[in-house]
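Reconstruct the complex from the two isolated chains, following the hints.
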Amino acid sequence: METFITIIAGILFTVGTYLILNKNLLRIILGITIFSHATHLMLLAINGLKKGAAPLLGENAASYTDPVPQALILTSIVISFALTAFLLVLGYRTYVELGTDNMKHLRGNSHE
Amino acid sequence: MTLLHIAILIPFFSVPLIPLLYKYVHRIHTGWFVMVIPVLLLIFFARYYSVQQPLEPVIHSVPWIPSLNIHFTIYLDSLSLLFVLLITGIGALVVFYSIFYMSKNREKLHLFYAYLMLFMGAMLGSVLSDNLLVLYAFWELTSVSSFLLIAFWYHRKRSRYGAQKSMFITMSGGFSMLLGFIILYVASGTFSIRELIAFGDLVSQHSLFIPAMFLILLGAFTKSAQFPFHIWLPDAMEAPTPISAYLHSATMVKAGVYLVARLTPIFGGHQEWFWTITITGLITLLIGSLSAVRQSDLKALLAFSTISQIGLIMSLLGIGSVALNSQYSGSSLLFAGATLAAIFHLINHSIFKGCLFMMIGILDHETGTRDIRRLGGLIHVMPVSFTLTLIGAFSMAGLPPFSGFLSKEMFFSGVLMTSRNMDSWFIIIPIIAWVASIFTFVYCMILIFKVFIGPYQPKRLDRKPHEAPIGMLISPMILAALVVILFFFPNWIASSLLEPAVKAILPQAFANGEEWHVHISAWHGFNTELLMTLGIVILGTLLYKYFNKFRNIYEIMPLRFSLNQAYDIGLVAMERISGKITRFYMTGSSPRYLSYLFVFLIVIVGGSLFLQDAFILDLSNNAPIELYEYMLGFTMVAAAIYMVFTKSRLISIIAVSVIGYIVSLFFVIFRAPDLALTQLVVETISTALFLLCFYFLPKVSRYVTPVKFRISNAIIAIGVGLTLTLIGLTTQGHHLFDSIAEYYKDSYTLAGAKNMVNAILVDFRAFDTMLEIVVLFAAGVGIYTLINLRHAGRKNQ
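Chains A and B, in that order, are what the protein sequence lines are. Just so we're aligned, residue 0 is where the first sequence starts under numbering that gives the first Met the number 0, counting upward by one. Just so we're aligned, residue 0 is where the second sequence starts under numbering that gives the first Met the number 0, counting upward by one.
In case anyone wonders, no lab produced these hints; they're calculated from the structure. There may be inaccurate statements among the hints.
Unchecked claim - Under the rule of at most 27 Å between Cα atoms (straight-line distance), these lysine-lysine pairs were calculated in the DSS-like manner:
1) B:Lys753 x A:Lys49
2) B:Lys646 x A:Lys22
3) A:Lys22 x B:Lys579
4) B:Lys103 x B:Lys156
5) B:Lys22 x B:Lys107
6) B:Lys449 x B:Lys463
7) B:Lys463 x B:Lys103
8) B:Lys753 x A:Lys50
9) B:Lys107 x B:Lys156
10) B:Lys449 x B:Lys544
11) A:Lys49 x B:Lys744
12) B:Lys449 x B:Lys579
13) B:Lys544 x B:Lys646
14) A:Lys50 x B:Lys744
15) B:Lys579 x B:Lys458
Bear in mind the structure is a predicted one, so any value in this text is a computation, not a measurement.
In isolation and in its complexed conformation, chain B is listed as follows (with noise of 0.2 Å):
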């Protein structure tokens, strides 16, 4: 155990204290308590960072489960760094802010800190694990915690609709991304990211190799909402407002981000993963800008725009992924500057989108209402507010003098260099990219200018609005001020945590020793890049105010909802034909369970004695037969068949008696006589069981209802009966070694008895015995519970 192991396990150790102080301290804020872990964590982390040097990546490692080579192995580089810092940084916000959001008197604080804490220990332990177990296993309990925070307010439906379709989606990724891991481990025998790295080669000649990407990869979309999986993250907004600004923008949907930027050094070469991540992402970052342009909720504007944004570093992680591929060996380190951009976007979007998720949370808290269409004219109201939302939008849509510039300009760098360095055909990802840029300003536009300017309409709210108070506004200020400061001073985490990120990320590009260092600068001289963005501030201000003339336009691209529409179809048809399924061959007959129990004793049995050649008829052992017994032997057969036929209910008691007597007749033959002797008595006593059960019968009918003849049971039965009678020929022919009766034969010296039979059952076996008593014991208990309990119970009714 090293302070690191302890540090990620902190949060967790909280998750039980935290009760208990809800109760025994109840006069101060919950989250007082709470805020201090965060603020430790991120002290304790940022002693790891240095402006000038970057990280010396740092490993620990405790065993776990050695045997099975599962060790919780901690992996500290400047990539893992880069997450912490977020996770813990945010954190602390988040849980400030919360302090002021959340009323101490109606809200259930104790449950929602503790699942916070439970979430930000997954987080911290998905993001630091090296082995590939416990890296799913924190993540498995990043979906349960957020599972519980999303049904935080668990009386609304709509809150328990979204938990649980969230957890459906990125549980399932989840699991196929478990199944990836395995198949790695199959392939290399570790679950080290480290070690699997240094396989290379190795791990990729597997055959398996591919289907194990596509599976983590599922993993790695699900979770991070990438399309199609896309439609958990707007029902996700039913949680608190501080969980969507922390788990739903910038940390949990960026767990898949880390994990593909993570395995980039194992998979990169390789064409499947550009394409898959590079397109997967475009068609993200379109649609989700796209269908935020359409919202009126405001949580669900920012839902899609976080949709839009992963996708957007989603495909610049794939894009620099090529820089490993040996076709473009040549130009590799030009990729790496996607890489970049991914990299110093994300961090620019955990900060502005927290922000911005804030605001959203404060215009809710003092007006009452998310709905653009209820808000208007608040910038005189509200006017902190609105330079803090404007600050935090103006650097989404990528505009001067805020961080979101420099990612998007890059960004831009980026797509226009693959289409430059790859095939022709490839202009269309940077007019993707563009075109969904414009609708990002669009949206953009919408969160300031619908919300803050036009006119004020103070009767549409339900409360009457005022500035927040001082403490709420804290953390999203401190956000926006991270959003300048890194405008102007990009180059502080420059050489410190994105050069050193990249160079995790693309480690094999790098092997050669060249030169290649960060520098983020605000002007690049006119290139293409700044048209590019001087065009998407023309037409998306065109846009933007000719809105309401194209906005029909929606009514034809029903994307959103189709895939809505087909997950909640699919959910009630698989519940539907699985229950038709079920219905089909559960029917509650027991004749009907009985005969698919015969039907497998014949198939199973009868086709592997026939598909084995198995059967042997050997007739040359066989006893000579008397015609006495081959008249006792046609009787019993006989009063089996009238048995099937008759419909008298004495009758074919006494049928049942006569085979029973001819088969104690036989064992005479057979020279058992302990066994006739037991076998007459035991016939006689049932015999006059079964007349007396059914002579005191309520409404004595003599006869059974008459039955049908049933050809399916004819012929289930003749298959039991042939089954059964091939197995017993062949086994009679079949005497693999000489039985052990022969040790039986000394009785007399053994055990001091002269009949074998008995011997054997009292001396040599004698706990079969013993425990066939037992059964007659059982029995007689149960038959005596059976007739002497029905009064009693009669009598309670």
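Only chain A is shown next, with the shape it has when bound in the complex (with noise of 0.2 Å):
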């Protein structure tokens, strides 16, 4: 389980990655989303998988799942959506103001 989510994982990486290297405003902000869910998971299974119940003391089992990289992703995840929306809203501004969404063209003047 853990080297099938690793190499899932991996996939979510490449493909961030090629879409981070778009010229593609929109598509870079996705790609970055992507990279995001890839750590998630990536964090998790370099823990070991499904090695006890949920850290939940109230089920009683033998043995619970590592808790502290779920409270690592937990702040993760909050961080990353943050991230995501200021980008996004930025990218939107970029629209607005510029016109156009590719990063060929956002290059400011020459003179610059």
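This is the structure:
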């Protein structure tokens, strides 16, 4: 299971990188989102999966899954959400102000 | 702090006071106040001098940065005293001269004197410091103040060019010198020159000893305008003439000479030292005198003559260093004669060159030009100036009864002695020296006769020339008087200054206590030296007479210009090449920069994984996979790959949310209920945001512009994916120690919580959560600002 998830995360990393290297602003933002999904999956997979019950003491289980990466990922999800939201609005503003979403056209003036 | 330290610092203390004086006491020329400082310093240092008794070295140390072995140590011996007397003495005369030269109303006198005092303090510090790093600090200060003084008339383009050039050359030399000093420190563990000399062989056995020698020599050669670094000096002539007289003839260009003399006890025994200094000095001597002859600007002529005379002093120091070489230990005291000649000529040169520069300044001041072709026949108009120039120029040419004659004779006996005592082909050294001296004679004649004799052409002059005011003439008069006095009474300084200075430069040669006394006399009888001088006078006169006939030869020898051109072209080329390199990789396109980042990630992280053989694949701990889990995984991969190829904006947004929802399903499977919940909510909001943003776009094009499949991007992407996958797999098989999760299983007793994840978030590691809330808040404020401030910005426009 861990190997499988890691490989999937690797594929997501590949796709995310390819999208980030794009010239289209929307695709870049989507690529960053995929990148963070892949990171979360990888973080979980590295620590071992399905090694016990959910980390709730009420379960009274013999063993629980590791709660630390879950707490880390929870923080990370919120932060990447904040980033995505901000990037989206920034991209939207760029559209409105400059009328383009192509990074090639967003290079500023040559005399700068 | 001793009086000596204070003496060095006084000029620095005066720097902030001078502008105040200039501003509030405008009736009196600021120079009068400034002149007090060098005069006081001269009196102070002159007390260390006595005609009969050589000075016992004085050492005073004040800790500056003791933890780094940097002490402000002053070491005053005869060699330093000689330089100090030159600096303060000529400094006082130059300040006095400048009172009459610099106009009170037109020039920014406060800057002029502030820079000048800065320079004087720096120069005093350089020659009195025993600590190499303190010496370096003062050394760079002389470069900085010289830079400021050359560009004193900063509205002129040539001044700025000359200042920049001298800055570049002397600073790069100074920097390499610092490197050499640091190597010496590494070799010996001390920055003190005296201790370095005492360590002797220990230092010279270090493997970087010879490189250190060359690095330090580079510093000395750039400062003293030796070949091929002499090109800055002629351009430095854009400075006001008192500055040229002081810095660029008498003091700063001698700093390199001082350094060579001071460090001779450390390096002198080595062949490389002798060869480098002697050859460089001789080349400089020859090139300087050859180039001086062709100049039509009087200051340029003097600049080249300075270059050539300092080359002469350098070559003599090189020859003198043979005295320390073990091969010639039998005749070491013979070579000491060359060092004596160097020191004596150094004094003479400072005196007559200072005098000559002041005379050129007077000519410039009274006639409005320095161009030889416009001057002539001034002997009747300016008889005093003529006499003073004559004295200076004849001393420079090496004619009796002026002090230059004595040192020139000693120079000849030095080079002749070298050719006699070393290999036979060393005969080339006296020949070069002799040829250079002939040309020296020629340009000295030009200086006198083209300016003062010949047709008087008042129409070609801007002003009606007349004799200079007496105040201006006093300083060169004193210097000219010194030239004559030194000829008749050279022994006034022989045993008190010259002899101990030579012993300070070559201490090892006198270690076994041999008797060696300096006695300078004008008459040696009929010997080779005298014949050489006669030859110079005869050949020089002939050359001067027929100068116009062979002048064209100079058009074939464009050596000076080619060096200047190399400098100019080099500067332009460096700028152009660095511009090209920068433009090559700084394209302004962010995908390009990102690909640099990713390539470095692949190369460094992936490469080290590969090179260290770190990759481990351990499948033994893997949990079993159910069929539906496979299906979820493949759906996710399919959605991701579909994103790469789709052209529809909407479909790519939906594909990303498919990935997000599957991630939250995986969280469910992986027993992470809180994660699943959060992921579900966040994914929903994100998708809504995506759709919202692109629904309200002005020109709604539902398709993204078709993007070509780029193979290079694909390779980078696959590389990144592969690297991260390999790292992930390696980490799984590589658990170094157990998780700390066991601790959190006590969360109920520790924190009263049954949900471990939440306990970690708000109790064990609540600080993260707080800052995460701050992040969300910041993003919210950012979004609000982005949307709302748009219209406000428009209105302001």
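Hint by hint, here is what the structure shows:
A distance of roughly 20 Å separates the Cα atoms of Lys753 (chain B) and Lys49 (chain A); the hinted pair therefore holds under the 27 Å criterion. Of the supplied pair hints, the one linking Lys646 (chain B) and Lys22 (chain A) holds, its CA atoms being roughly 13 Å apart against a limit of 27 Å. Note on Lys22 (chain A) and Lys579 (chain B): the hinted pairing holds, with a Cα-Cα distance of about 25 Å set against a maximum of 27 Å. At roughly 24 Å between alpha-carbon atoms, Lys103 (chain B) and Lys156 (chain B) fall within 27 Å of each other, so this suggested pair holds.
This hinted pair checks out: Lys22 (chain B) and Lys107 (chain B) have alpha carbons roughly 11 Å apart, not beyond 27 Å. For the suggested pair Lys449 (chain B) and Lys463 (chain B), the alpha carbons sit about 18 Å apart, so the restraint of at most 27 Å is met. Between Lys463 (chain B) and Lys103 (chain B) the CA atoms are separated by roughly 22 Å; this keeps the pair inside 27 Å, and the hint holds. For the proposed pair Lys753 (chain B) and Lys50 (chain A), the alpha carbon gap of about 19 Å is at most 27 Å, so the pair holds.
Proximity of Lys107 (chain B) to Lys156 (chain B) is assessed by CA-CA distance (about 18 Å); at most 27 Å being required, the pair is judged to hold. As the CA atoms of Lys449 (chain B) and Lys544 (chain B) are separated by approximately 11 Å, the hinted pair is consistent with the 27 Å bound. Among the hinted pairs, Lys49 (chain A) with Lys744 (chain B) is consistent with the structure: their alpha-carbon atoms are about 17 Å apart, no more than 27 Å. Note on Lys449 (chain B) and Lys579 (chain B): the hinted pairing is violated, with a Cα-Cα distance of about 50 Å set against a maximum of 27 Å.
A hinted pair counts as satisfied when its Cα atoms are at most 27 Å apart, and Lys544 (chain B) with Lys646 (chain B) does not qualify at roughly 90 Å. Between Lys50 (chain A) and Lys744 (chain B) the alpha-carbon distance is near 14 Å, which keeps this suggested pair within the 27 Å criterion. For the hint pairing Lys579 (chain B) with Lys458 (chain B), the CA-to-CA distance comes to about 53 Å; that exceeds 27 Å, so the pair is violated.
Consistency with the previously given hints fails for numbers 12, 13, 15, ordered from lowest to highest.
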